[in-house]
Amino acid sequence: MQKYMRWSAILVVLMLALAACQSGGGAASEEPSAEESAPPASEGAGGEDPSAVCDADEFGCVEVLEGDSIRIASALSITGDTSFLGNDSNFGIEIAIADRGEVAGHEIELVKEDAGCGDAASGQTAAQAIVADPTIVSVIGTTCSRTAVPAMPVLADAGLVMISPSNTAPSLTNPETEDFGGPFYFRTAYNDRVQGAAVAKFACEELGVTTAATIHDGSPYAEQLQQVFVDQFAEQCDGTTTSQEAINVGDTEFRSVLEPIAVDEPELLYFPIFDPEGPLITQQAQDVAGLENTILMGSDGIKDQGFLDTAGDVAEEIGMYFSGPDLSFGGTYESDFLPAYVELSGEDGPIAPYHAHGYDAANIIFDAIEAVGVEDAEGTLFIPKDALREYIAGLTDYAGLTGTLTCDENGDCGAEDVSVAQVVDGEYSEIWTTRDQ
Amino acid sequence: MARAGRLSLVEIILWGLRIAVVIGVVAGTWATLSAGRLEGDQWRTLVILGIAQGSVYALIALGYTLVYGVLLMINFAHGDVFMFGAMTAFFVADALAGGGFLNANPFLGLAVVLLVAMLSSTLVAVLLERIAYRPLRRAPRLVPLITAVGASLFISNSVRGLYGEQVKAYPRLDILEGSLDILGIPILKTQAMVIVSAVVLMLILYWFVERTRTGRAMRAVSEDKDTAALMGINVDRTITTTFAIGGLLAGAAGVLYALVFGQVHWFMGFLPGIKAFTAAVLGGIGNIVGAMLGGLSLGVLEQVGPNLLLSGAGVPSPNQLRDVVAFSVLVLVLIFRPYGILGRPETR
Amino acid sequence: MRQASHLRGAAILGLWAGALMLYLSTVGIVLAFAERNTVTGVLTLGRVMLAVPPLAVGYVAARRIHAVGGPGSRLIGGTLAGAVGGGLLAIGLIIASAVDIREILVRVSSGLIDFVGFGQGAAIGAFLNIAFGAVLGLTGAALHAAPPRFRRPIVAGALGVVVMSMLEPFLRPRLQEFELGFLSRLLYESRGLSIASALVVFGIVAGAVVAWRPTRATVRRRLGAAGPEAQSTVRWASILVLILLLLSLPQLAGPLLSQVLVLVGLYVLLGLGLNIVVGYAGLLDLGYVAFYAVGSYLTALLTSPTSSLGWALPFWVALPIVVVGAAATGLFIGAPVLRLRGDYLAIVTLGFGEIARILFLSDALKPWFGGTQGILSVAPIFGVSAVDVPLLGWRLTGPTLTYYPLLLFCIVAAFVASRLKYSRTGRAWNAMREDEDVAEATGISTVNYKLLAFALGASVGCLGGAVFSTHLQSVFPGSFNILVSITVLAIVILGGMGSIPGVVVGALALIGLPELLREFAEFKLLVYGAVLVIMMLLRPEGLIPDYVRRRELHDEGTDPIAGTGAVGLPAGGGGAS
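Residue numbers (the numbering used here), protein chains in the order written: chain H, 1 to 437; chain X, 438 to 785; chain G, 786 to 1362.
Just so you know, these hints were derived from the structure itself, not from any lab.
Residues of chain X placed beyond 10 Å of chain H at every Cβ, according to the derived structure:
(1) Phe544
(2) Ser595
(3) Ile619
(4) Gly621
(5) Tyr643
(6) Ala657
(7) Glu660
(8) Asp663
Covered, in the sense of this in silico footprint (three residues per stretch, anywhere, with C-beta under 8 Å from a C-beta of chain H), are these stretches of chain G:
(9) 1147-1157
(10) 1259-1265
It should be emphasised that the depicted structure is a prediction, and the values quoted were computed from it without experimental measurement.
By construction, the Cβ of each residue, glycine as well, lies at the ideal position given by its N, Cα and C atoms.
One chain only, chain H, in its complex shape (with noise of 0.2 Å):
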């Protein structure tokens, strides 16, 4: 009995002193992991006092001190399947950087963390692995839309806002749905809502056409920005869709879906989904009668180098279509920005098509940092965390790389200028935007 008595009583002092020890450093470190800001109370260079600002900001600061780098961090799929789409969005940022060179007097440091696409944990694994890190000051990403559902609570938590270049799923801006990203999610991706709208009113407006099916892929990009079409086109002109089919992802004869789409012999098939089954699709649907004078679409999910090898000649001589972003962005476009990605890059040309979004994601949270941060009479730059949210949700008029950018109250920052193209001389050229509708 003693013995116990004697046990017990040393367990109770140690995880006092264990709470103790938590209390004094870590308990802090359940609180969103704002750096511990304890500015010196010195008046900063704008005349501005960085105690006072940090205290009132509801996250706090991020802390910069003399001659360390501002560190943003990127949560994108950069390994895997899908790793051209995060590296292609990466290779936006650091242009970025490299073109801005310093911001407020600090250079600036890419910290790049792998959100994965297909699993929605790795979203999450990488929310927290950034958190983690009290030193970064904002998240450009996911790349994949499900990955940024799990990841924006810890984010939120922690007071770091996230701009995505790719997301486009409708949901992750829509307040009533449980994807809603919240006050700290932005995109400069537009929303599929706008590109299904757009591919809608192509194919009412430009086509003529007056029936259509889908295939979608099982993956919620692919599934949401069809019905979003489905509906839009019924909404626009009363269209009629005859039937809605889904593949799976590493499937290769597809005849045996066409055949059934065949049957009602739609006018248009619009399948928005990725390599390698765009594709094949293209190619195996030459094949099934019924489907000769159908027009064939797809989305950006196939509008790169590997669906142009792989059939690309095909899409040329029947004339296919894509829908994606309009990529004409003019001005520095292709003067400046494209050698400098093809020298970063190694490759002959952008691998995906949300490099110039991610380009002004990077450039945007750079002006929000030189607008509201605070540097102290040592140099110390203080970022005020929610401060800088409320910039960027305030943005308007700006003037990117994508187009002139204003965020609305959920979110969506992105141009929202959806681009039709076709396949010209083994390239992608637009043939019609909704820039000049």
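Add chains X and G to chain H, keeping to what the hints say.
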């Protein structure tokens, strides 16, 4: 195993399954046919698709069945052997097509590509046997099986690292464009080529196994390894030969597949591998004709099944469930007729 | 003559080393790790990777020669092996510099060539590689020649340096959290150890290894002499400390590492479940992910207000229903496959796993399972997203909160598993595993025991699924694919079939390590495959083997009679009985 009381739960489940399957098949088929969305020649097209696809499965299945015959193990990595041949041959094909050689001399070009594929597949298969399987020949069943799974992962991911993740587009041959008219039925030239090549290869294999000494040795080893050894057969070499032949067939299948679908990538071996094994089991594992039959049946079932059974029942996107049909076939066959269509219970 | 054959043997070993180095380079591993500093300015992890093969073959060559050759020939052999290895790499380097093979071998970029050539161009780089290979081979041979009491500390010290350098991204934030930031600045420089700290770490680890044996002996002796009262006190104390450590681990580890711990914990749970099916009952289940998915989806359906059921039950109320549902699933999957053996069973379970995945994803079942969009708003495990612990001032949220119920489940599962192992059921499973027909003949109802194994394995797997869905507060079909099944299998195999501590070790190694080394994550599957093959070839009983298993696997391996299937092998050719 006749314990009336204890068995009732299992028996109930199995009978339930039987009934559910029969009802499902009959009802689904009836609904589809009466809805009549697809017509006769469309069904026919689907069947031909199935036969072409099935021919590829059959070729791969032969490799499984041969190895199983001699070693009583599933070479899980066989699908990746198939992939490796196709991938390696891609570079040759690409090089040949670059100069226009391939289209100018299609038969010669194809022969070279085929040769490269078959040789590289054989190389991988033989290496696999030597390094991973031979040391484990006497180990409990679980061990080589797990090794095979590991080998499959290793090979496919090595290829991914070596050759890259991107899908690689096989050059298109002009002579394979378009379709033929055979007895009034349109068949794509690529499909015809696949079917004919598969049949030819299978015939050659059949002759080889039945009529040559090595084939006899293979059969002997698959009957009883130790007795065969006593009879003077070099068991090790026979087994290696078996793997090699399986590799040859898989390599050929790889090229055919690549020509039909136009692309190869590092993960392409996984699904066809599993389906080919399903085909081998369906036909009766260890049986060459069975593998052929199983492959063709599975191919047809896959293409026709979802449309026949499910679309009539109003199931949305029935073709998404294509693999469910394929695997269900596998499960059902193994439950109710484990020896497959042509198989026999093993004598030991 | 003998000398020549030794040398030839050494040279062949060298060729293997060279091949391995070439492989590591062309597959992309070397370059991926080239950015990570081990000792800043001196060594990167990529360089370490390239150094290991020649070192290893130097050691092995020395060992082989040692048996038959003289003292000097060991060193010569080792050096030769290393040099040949380096030479093969050098040849590769020269070819790669001369010919652009990037079209075929995509990883052979100029960056890689630069790295392998030490930035000195093809000719000098080639020479350097041969030289380094020789030196490393010599070192390996020397290590073999050295007495163990020198060898162990040196190897341990080197490993310690590597490990410490890998821990940098985790230690740094944690040290800062505990106001010990200066320590991390002292230790690390540019993400790797500084030269000074590397030496210090080396010294400490080597010293610890040297001191380990005598210290342990002393402790044992003192303890033995102290009497039973003191011994049990010590035992209680250790258990207490362990419990305290486990309970406060999330606080010490921080949110990121806690997330890793949760992932590891999930796989430990899954591994424990699969262990019952594969390890105890010997049924190779390649579709274990089906249970994981069922558990996740059931939990989501029951607890989410927006699911098709919409009952919105609290987690702990839904849990028993999930477990029952799990057991039913286990029975349902187990019943049809009862008569199947070995390979067939594996494929069928694989099929079930795929069927489950597709069904959950499908449009056809979308009204129930949500299709590709999955199910959201799954209830958090305690109904609230954060819990404040009163006395300690801890705020538990997210992974630090999920950790505790997960820990509880793991302990319960481990407890159940270990009781089963030594019970009558466990012995019945053993018998079934060894020879099913004989077991049946001795009166064991294999039907029932197989079903039991499936049901139990399913329950544990579903438990894991339940925690998974509440942790993410959502469930998406993309999380459930065959790779999960294979990963869990790899964990069980690596740790040791039938071994409970083995599962923990396996999960830490195969799940924890990729999180630790982000560069490694890209090659995760490659490593899993290699691990499976290597383990089966060298140590099929696993890292922490179960005694029974080890005997089983090794005895049969050497017994020629056992191979005919008369005794020992699961008979029946993989078909039905």
